[in-house]
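These protein sequence lines map, in sequence, to chains A and B.
With the working numbering, the residue at position 113 of the first sequence is 113, and numbering never jumps.
With the working numbering, the residue at position 52 of the second sequence is 52, and numbering never jumps.
Be aware that one or more of the hints could be misleading.
Capping the alpha-carbon separation at 30 Å, the derived lysine-lysine pairs in DSSO-like fashion look like this [to be verified]: (1) B:LYS42 - A:LYS24; (2) B:LYS2 - B:LYS45; (3) A:LYS68 - B:LYS107; (4) A:LYS78 - B:LYS45; (5) B:LYS42 - B:LYS2; (6) B:LYS107 - B:LYS79; (7) B:LYS42 - B:LYS107; (8) B:LYS79 - A:LYS78; (9) A:LYS78 - B:LYS2.
So these bits of chain A aren't anywhere near chain B, every CB distance computed over 12 Å [stated by the list, open to error]: (10) VAL53; (11) MET69; (12) PRO84; (13) PRO108; (14) VAL114.
Partial chain B-side listing against chain A, Cβ under 10 Å, derived [to be verified]: (15) ALA89; (16) ASP95; (17) GLY101; (18) PRO108.
Derived by calculation from the structure, the hints in this document are not laboratory data.
Treat the numbers as computed from the prediction; the structure is a model and nothing was measured.
Even for Gly, the Cβ is constructed at its ideal location relative to N, Cα and C.
Here's the letter readout for the chains.
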Amino acid sequence: DAGVIQSPRHEVTEMGQEVTLRCKPISGHNSLFWYRQTMMRGLELLIYFNNNVPIDDSGMPEDRFSAKMPNASFSTLKIQPSEPRDSAVYFCASSFGGRAADTQYFGPGTRLTVL
Amino acid sequence: RKEVEQDPGPFNVPEGATVAFNCTYSNSASQSFFWYRQDCRKEPKLLMSVYSSGNEDGRFTAQLNRASQYISLLIRDSKLSDSATYLCAVNRGDDMRFGAGTRLTVKP
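Turn these sequences into a full structure, and let the hints steer you where they fit.
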């Protein structure tokens, strides 16, 4: 079975550019999570969708970040404009059963570098 | 204070050693607990759930102490392949929070 799919795997961009990260959750899962991981701050939850609806975006750092989930099989995380401090690994995870679900399955991540 | 805290390590141990990690959580309403393993430049993967009575999976033993609000992971007879970062995760019922991870290096 295919796991969570993320693209691109690596992204290098210049400050000020728009960055779009993509995620395809595991088929049948109804919850999707976007995380950011850095050495300094560890794994941080950015936003959580349940049944394609954003439930909690309190982790989104600022207005430069936005996320969408137009259907059950696709989500995007957009950063516009990007800044060097956005450099991190961005993980998408999915689960069945909402935020209280016991197991979240992570995608391979997108390693973002903003110069 | 972070809601879930771990000793970042690194823990450097020889092959065959026994090593233990602790993870403390601040929300007493937390309901379920997990250990994830993350290899270098890879995603976190569920290692094991932590049950109230403690549970074992081969060389790995997980325990929960609700009174003191911590969970632990014990690795016996450590292997080179155990080298990774171990993240604890705590589910409050409405949210899953991860610790920053403890890095383990097992050396020959």
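Hint-by-hint comparison with the structure:
1. Of the pairs offered as hints, the one joining LYS42 (chain B) and LYS24 (chain A) holds, with about 17 Å between alpha carbons and a cut-off of 30 Å not exceeded.
2. Our distance criterion of 30 Å between C-alpha atoms is met by LYS2 (chain B) and LYS45 (chain B), whose separation comes to about 22 Å.
3. Restraint check: the Cα-Cα separation between LYS68 (chain A) and LYS107 (chain B) comes to about 44 Å, which exceeds 30 Å; the hinted pair is violated.
4. Using a Cα cut-off of 30 Å, the hinted pair LYS78 (chain A) and LYS45 (chain B) holds, with the two alpha carbons roughly 25 Å apart.
5. For the suggested pair LYS42 (chain B) and LYS2 (chain B), the alpha carbons sit about 24 Å apart, so the restraint of at most 30 Å is met.
6. Of the supplied pair hints, the one linking LYS107 (chain B) and LYS79 (chain B) holds, its CA atoms being roughly 8 Å apart against a limit of 30 Å.
7. Using a Cα cut-off of 30 Å, the hinted pair LYS42 (chain B) and LYS107 (chain B) holds, with the two alpha carbons roughly 20 Å apart.
8. Straight-line distance between C-alpha atoms of LYS79 (chain B) and LYS78 (chain A) comes to about 40 Å, which puts the hinted pair past the 30 Å bound.
9. With a C-alpha separation of about 27 Å, the suggested pair LYS78 (chain A) and LYS2 (chain B) falls inside the 30 Å cut-off, and the hint holds.
10. Taking the minimum C-beta to C-beta distance to chain B, about 15 Å, the non-interface status of VAL53 (chain A) holds against the 12 Å cut.
11. For MET69 (chain A), the non-interface assignment is confirmed: its Cβ lies about 18 Å from the closest Cβ of chain B, beyond the 12 Å cut-off.
12. Separation of PRO84 (chain A) from chain B is adequate, the least Cβ-Cβ distance of about 20 Å exceeding the 12 Å criterion.
13. Look at PRO108 (chain A): its CB is around 5 Å from the nearest CB on chain B, not clear of 12 Å, so calling it non-interface is violated.
14. Look at VAL114 (chain A): its CB is around 18 Å from the nearest CB on chain B, clear of 12 Å, so calling it non-interface holds up.
15. Taken as an interface hint, ALA89 (chain B) checks out: its beta carbon lies about 8 Å from the nearest beta carbon of chain A, inside 10 Å.
16. A least Cβ separation of about 6 Å between ASP95 (chain B) and chain A falls short of the 10 Å threshold, and the interface hint therefore holds.
17. For the restraint placing GLY101 (chain B) at the interface with chain A, the shortest Cβ-Cβ distance is roughly 6 Å, inside the 10 Å limit, so the hint holds.
18. Of the supplied interface hints, the one on PRO108 (chain B) is violated, with its beta-carbon coming no nearer than about 27 Å to a beta-carbon of chain A, more than 10 Å.
Against the hints set out earlier in the document, violations occur for numbers 3, 8, 13 and 18.
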